[in-house]
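Enquirer: Listed here are the chains, written in short residue letters.
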Amino acid sequence: GAVVSQHPSRVICKSGTSVKIECRSLDFQATTMFWYRQFPKKSLMLMATSNEGSKATYEQGVEKDKFLINHASLTLSTLTVTSAHPEDSSFYICSARTGAQNSPLHFGNGTRLTVT
Amino acid sequence: AQKVTQAQTEISVVEKEDVTLDCVYETRDTTYYLFWYKQPPSGELVFLIRRNSFDEQNEISGRYSWNFQKSTSSFNFTITASQVVDSAVYFCAPNTGNQFYFGTGTSLTVIP
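For the protein sequence lines, the chains are A and B, in the order given. Quick note: the first sequence uses the working numbering, first residue 609, plus one each step. Quick note: the second sequence uses the working numbering, first residue 416, plus one each step.
Please note that the accuracy of each hint is not assured.
As the list claims (entries may be wrong) - Each computed DSSO-like pair below joins lysine-lysine, with the alpha-carbon atoms no more than 27 Å apart:
#	chain 1	residue 1	chain 2	residue 2
1	A	Lys650	B	Lys418
2	B	Lys485	B	Lys453
3	B	Lys418	A	Lys663
4	A	Lys672	B	Lys418
5	A	Lys672	A	Lys650
6	A	Lys649	B	Lys431
7	B	Lys418	B	Lys485
8	A	Lys674	A	Lys663
9	A	Lys622	A	Lys650
10	A	Lys674	A	Lys649
11	A	Lys674	A	Lys650
12	B	Lys453	A	Lys650
13	A	Lys628	A	Lys674
14	A	Lys628	A	Lys672
15	A	Lys672	A	Lys649
16	B	Lys453	B	Lys431
17	B	Lys418	A	Lys649
18	A	Lys649	B	Lys453
Everything labelled a hint here was simulated from the structure, so no lab data went into it.
Next comes chain A alone, as it looks inside the complex (with noise of 0.2 Å):
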């Protein structure tokens, strides 16, 4: 089956850092990967959509000079947090599909990020 892996699952930095996530997608070519936020008890708010090789789409509200995003190639995407602050601590996860409208998003295990 369609395997994505997130990297690492956990990680605390503190203010002012900068914080890389990596989310690849190891038996299939992910054409559009989708980066979630999810907050304690909450939905998955939708973050931004990457396609290969051009710019992300972000979501209203959300900062793309504090969240940017690269997907530079078929199964790897990176969402690197910048001068993060501590109320950008949360579970952020990453999916990816094929490209087909119908194909269902295969989901990385999550990174929870906290920020001292």
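Fit chain B to the supplied structure of chain A, relying on the hints for placement.
Expert: Only chain B this time, still in chain A's reference frame:
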């Protein structure tokens, strides 16, 4: 963005009871797809089912069944003879084009 309503925030049932999770969505599109996902306490999201808007035939898969009614924009999910391992948050997610939005989720607790 589409609107997805999962009115039941939290549900608790006793093991072996049946439970139905409701999902109502709003969309202007005539062609779309509907998904259900499960998120157990460990955090990963598990794909359960996909349905396209042209197919209103209900589906049963083991203890799971789905009732899709396009006329009322509802896509409900029933677990029969619930088990403790079914305890999780369940998300309904309609999908059109390149957008994939999730409902607010229903937290299901199955009590042994």
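Enquirer: A separate judgement is required for each hint: does it hold in the structure or not?
Expert: Results for each hint:
About 15 Å separates the Cα atoms of Lys650 of chain A and Lys418 of chain B, which keeps this hinted pair within 27 Å; it holds. This hinted pair checks out: Lys485 of chain B and Lys453 of chain B have alpha carbons roughly 22 Å apart, not beyond 27 Å. With a C-alpha separation of about 26 Å, the suggested pairing of Lys418 of chain B with Lys663 of chain A holds against the 27 Å cut-off. For the hint linking Lys672 of chain A to Lys418 of chain B, the alpha-carbon distance of about 24 Å falls within 27 Å, and the restraint holds.
In summary, the hint linking Lys672 of chain A to Lys650 of chain A is supported, as the alpha carbons are separated by about 22 Å, within the 27 Å threshold. Taken as a hint, the Lys649 of chain A and Lys431 of chain B pair is honoured in the structure, with Cα atoms around 25 Å apart against an allowance of 27 Å. Straight-line distance between C-alpha atoms of Lys418 of chain B and Lys485 of chain B comes to about 15 Å, which keeps the hinted pair within the 27 Å bound. A hinted pair counts as satisfied when its Cα atoms are at most 27 Å apart, and Lys674 of chain A with Lys663 of chain A qualifies at roughly 15 Å.
Among the hinted pairs, Lys622 of chain A with Lys650 of chain A is consistent with the structure: their alpha-carbon atoms are about 25 Å apart, no more than 27 Å. Distance check on the hinted pair: Lys674 of chain A and Lys649 of chain A sit about 24 Å apart at the alpha-carbon level, within 27 Å; holds. Distance hint between Lys674 of chain A and Lys650 of chain A is fulfilled; the C-alpha atoms sit about 22 Å from each other, no more than 27 Å. In summary, the hint linking Lys453 of chain B to Lys650 of chain A is supported, as the alpha carbons are separated by about 14 Å, within the 27 Å threshold.
Using a Cα cut-off of 27 Å, the hinted pair Lys628 of chain A and Lys674 of chain A holds, with the two alpha carbons roughly 12 Å apart. Taking the CA atoms of Lys628 of chain A and Lys672 of chain A, the gap is about 14 Å. The hint holds against a cut of 27 Å. For a cut-off of 27 Å, the pair hint linking Lys672 of chain A to Lys649 of chain A stands: about 25 Å separates their Cα positions. About 19 Å separates the Cα atoms of Lys453 of chain B and Lys431 of chain B, which keeps this hinted pair within 27 Å; it holds.
Restraint check: the Cα-Cα separation between Lys418 of chain B and Lys649 of chain A comes to about 19 Å, which is no more than 27 Å; the hinted pair holds. For the proposed pair Lys649 of chain A and Lys453 of chain B, the alpha carbon gap of about 14 Å is at most 27 Å, so the pair holds.
Checked against the numbered hints given earlier, this structure breaks none of them.
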